[in-house]
Amino acid sequence: MSNQPEESSAWSCASCGTPLEIVKVAFTYMKGNFEVPLPACTSCGLVMIPEDLATGKMAEAERILEDK
Amino acid sequence: MNYESAELHAVTGPAIRPGGVELTARALEFCSFPDSARLLDVGCGSGASVEYLRDHHHLNAAGVDMSSRLLRDGKSRVASLPLVLGNAERLPFGDESLDGILCECVLSLLPDAECALTEFCRILRPGGRLILSDVYMRESGENQCHGENSTDGCLKGAVAYPVTKKMLEESGFTVLFWEDHTPLLKELAARLVLADVASAVFCGEYKKAGDGYQRPGYYLLVARKD
Amino acid sequence: MEKDELQQWENKCIQEEPPECTATCPIHVDARLFVKEMARGDVDAAFQVLARTMPFPGILGRICDHPCERRCKRDQVEAPIAIGLLERRCVENTTTRARIQPLARRDKRVAVLGGGFAGLCAAWDLLKKGFRVTIVEAGGLLGGSLLEYPADILPPDVVREEIAVLETLGGEFRYGAVLDEAAFARLRSEFDAIFMDREAMAGCDLPLTRDDSGEIVIDPATGATGEDDVFAGGGTRFSSAFSPVTEALHGRKGALSIERFIQNVQLSTGRENEGPFSTRLFTSIAEIEPVPRIIPTAGDAGYSSEEALAEAGRCIQCECMECVKVCLYLERFEGYPKKYARQIFNNEYVMHGRAHTKNQFVNSCSTCGLCETVCPNDFYMGDLCLQARRTMNERKFMPASFHEFALSDMAHANGDSFALLRHEPGGEKSAWLYFPSCQLCATSPLPVLTSYRYLREKLAGGVGIMLGCCGAPAFWAGREDLFKASIAKLRQQWDEMGSPKVITACSTCRSLFTERIPEMETQSIWEVMEDIGLPVGASSLAERLTGSTVSVADPCITRKDPQTKESVRRIIKGLDFVVEELPLSGEKPECCGFGGLMFNANPGLARDVIAHRAVKAGTSPPSTVTAPQGWFRTRLRESADTVYYHTKVSDNDYIAYCAMCRDNLAAAGKRTAHLLELVFPDHDGTDPAGRGWISWSERRNNRSLVRDAVLAEHGEKGEAQMEEYENIKLSISDEVRRRIDDRRILENDIRQVIHQAEETGKRLKNADTGHFLAYQQSGNVTFWVEYSPADNGYTIHNAYSHRMQIAGIKP
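Residue numbers (the numbering used here), protein chains in the order written: chain E, 1 to 68; chain W, 69 to 294; chain C, 295 to 1105.
Treat the hints with caution; some may be incorrect.
Derived contacts from chain E toward chain W, CB cut-off under 10 Å, selection only [said to hold, decoys possible]:
#1 P37
#2 K57
#3 A61
Under the rule of at most 27 Å between Cα atoms (straight-line distance), these lysine-lysine pairs were calculated in the DSSO-like manner [what the hints assert, rightly or not]:
#4 K234(W) - K778(C)
#5 K619(C) - K306(C)
#6 K1104(C) - K24(E)
Short derived list, chain E residues pointing at chain C, Cβ under 8 Å [claimed, not checked]:
#7 K24
#8 M48
#9 A54
#10 T55
Think of the hints as simulated: they come from the structure by calculation, not from any bench. It should be emphasised that the depicted structure is a prediction, and the values quoted were computed from it without experimental measurement. Backbone N, C-alpha and C define an ideal beta-carbon position, used for all residues, glycine too.
The following block holds chain E by itself, in its conformation from the complex (with noise of 0.2 Å):
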């Protein structure tokens, strides 16, 4: 799936080290719940959501959930 941008490769966690994997990572907005497939650290909980999601298609749900 195209969540995942060329760069998250190159983030790790600076907490502990390790390199980030792709997990579920869970999302609430305007009671609705979500799931995205997102890079994190598995021992910190650090996610990692890159510029374009947020202001891309994290925009456009937010957009659609508040009915505008």
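Fit chains W and C to the known structure of chain E by using the hints.
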């Protein structure tokens, strides 16, 4: 929108519609069918609702769908599910033979909704219940006929509620209960956007419909055959 | 909104009212649509438009006396559209026929006495309604006056063919009838109702109520005579001249009356719009270029195909749309006020009480009121939208993201970093209270301080100062709760200060005070300046601007405040500037994108709105500005090839006296100075019109600056505690600074993320660039920052945010 696509299933699960079985449960609360009541799920897909009705509510439920592939998926999941191939406009059931019909997220996709409703009326016993959930247009706009709004695909048949109500009344039904559940539709749309599934299709339609005056919503309705 | 409220709103907007031609036409043919189809060259479609309304279109289309032309708006430009000639062209050349679908047959019989045109039209309508109709004609032919037309205008076989339709519809005919009293009585008993064509009845002696001159008395509204089953009409040739369309009206009127009579329904109700009436539609002809009417070269034979196209092309397709012509917002949502009001009502009311109001739509109006000014009926979208916003808030359906940022900015202005209330230093009472406004302090802190000092110098009785927000963002957001609280607090504080005269530096503040705290006396700082005189050194600024000719950018709120506008202009001229007015000034100033919180709810629209005022068509925006979508869009809706509207952007430097107008125009690339900065100039030679945009973070810093400076004059120190993270030094390039500001991310938001990331070590690292990436949820928003350590601080490479909340990693 290809309802058989694997990508879509990955987002929605086997119940391909907003809210999954949540709305089904809500409607059943309102209907209080006795155990073993005979129900038909029109547009059952791979039988998620049929399974749910049989297992959780002890109802004698069967399903009919036009997609032999989805029916096969259902049967491979649970071999004993009573699912048959068929068409909403000519249902393989006798007159007044059923206690209830479920038609979830299907009516607006049918080419001849009136014909389907007449069929439903035929196979339901008097006093039987029709459970409908579907997309609708929240604003009553200039288009007031089924199948005539400006979008394509799964929002094509969505019309304003008064149109549906009239059609039901003309087909021999009385509406007992109608509820808006648009947040579920929005949630589904948002999930599809995030998963990048059909983003040019469903959400394009959703947004195109939203850009004009006709904004899609989702409803649950229970009607009684007079 | 209640149903009767909706009706009041809908009534104000006249866009759906019929054009002059249709209203004047006795039978209300949609002449506008007809001409439109003729202009497209689609004669058959044009014919169908006629056939929808006209009885016997083949006849009427050829001989109609077209009273519509007398009221055509083009008559006020040069000459009316030749609708009559176009109709002839159409019916003579169409290949289609009228599609007549009569209703189910009713078992009621109507007699039409006389086969004149009125009688024939009555028969036409009655047969379509399903009645059984018999036409009783004294002579041997039907048509009456129709038969007197020259054959090349109205060929007899056309008349025959058209009338033959009556037979197809089941009409019966009796020729050679004798119409004496006895026959009349027999007909009345044989038929359920009678329509009499006066043309055919001339000279007969029937026992009907007559007036003094012996004419049968006919009710003009219903066609009723003294006998309740007898109706009459036609005979226009006896009063003035034979008017085919009036005959048609009489026939139609009689048929409708007969239907009502037979159904035992009130004859006269709801018939006010039968026959010609005056329309409420307003159509501007201000920008229509005269084009002479096409005269057919073939004379009486009518138009050629090209001539018809050209003449139909002259039609301006009357409609109002005055507000849409001047408002990008109204144009963008592709409707007009009446439609919008209905939508809002339908969403609030019809959908079982759930307010699924079209959210972005109601939140995008700037409430500037330009629509009200140009509307013939003063339709004010701002009111409609503000009401809708209030309803959404009351019913808890307003998504937070629309106004959150603006409301948090207001909260900041009313919080510890800015809010302040003091008498003048060393004073114990205030005859005056300076309220410079939160936005002016945010963008021009030094002139605010200098002006305050000046006021203290020149005014007696003590000049106190109040720093805070007037509450406008809450008002615009439809948050009545917040707004009322804010105003109440302000009022109480003003009271505590001894109810001084309030000097406002912002017109919006002033208008809200005037409306909500009417007992408060307010004066704009400009009026006060005129009284006390300008400071020395003010006029030396003129040479710092591009030239001595300037244009004034009035804020939209001053459209109802001519006094302030004049005061401002006197001051500007007093500074030796020459003022050249912008076209949409005076009563029609435009929004800058800030009002109504448009910038927060619909940033794309706000950018386009200001670009529209700041950038000339065809030029490029400055490179420091991110070109918004539709930057070059300067034309609004087009109708019949007419470009509706285009702001004329002047080359002069602008002078604004509203902080947000100045900032927004400047951010869009237009050189704009704030008047206060010209009156209280910076002495280091800066060009006040050259100052570009300012970030939201800087605004907050400036507000604190003003507060701290005022406190310093009182010998007090600012008590506002600095959070630990506020000490973090940030290094941000101009490009990144602009981007994060557009995203409404504050520098302190960034500092908080970094602070937490550095303390906990929870951050990501990029192996290629060495950059760190960290995030933190603060309120409803999760902020992301990409950064690297730099000398005693951090360099910020990027920042973004989202509102979806991270709930965790699924196992």
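- Query: Which hints, by number, does the structure contradict?
  - Reply: 4
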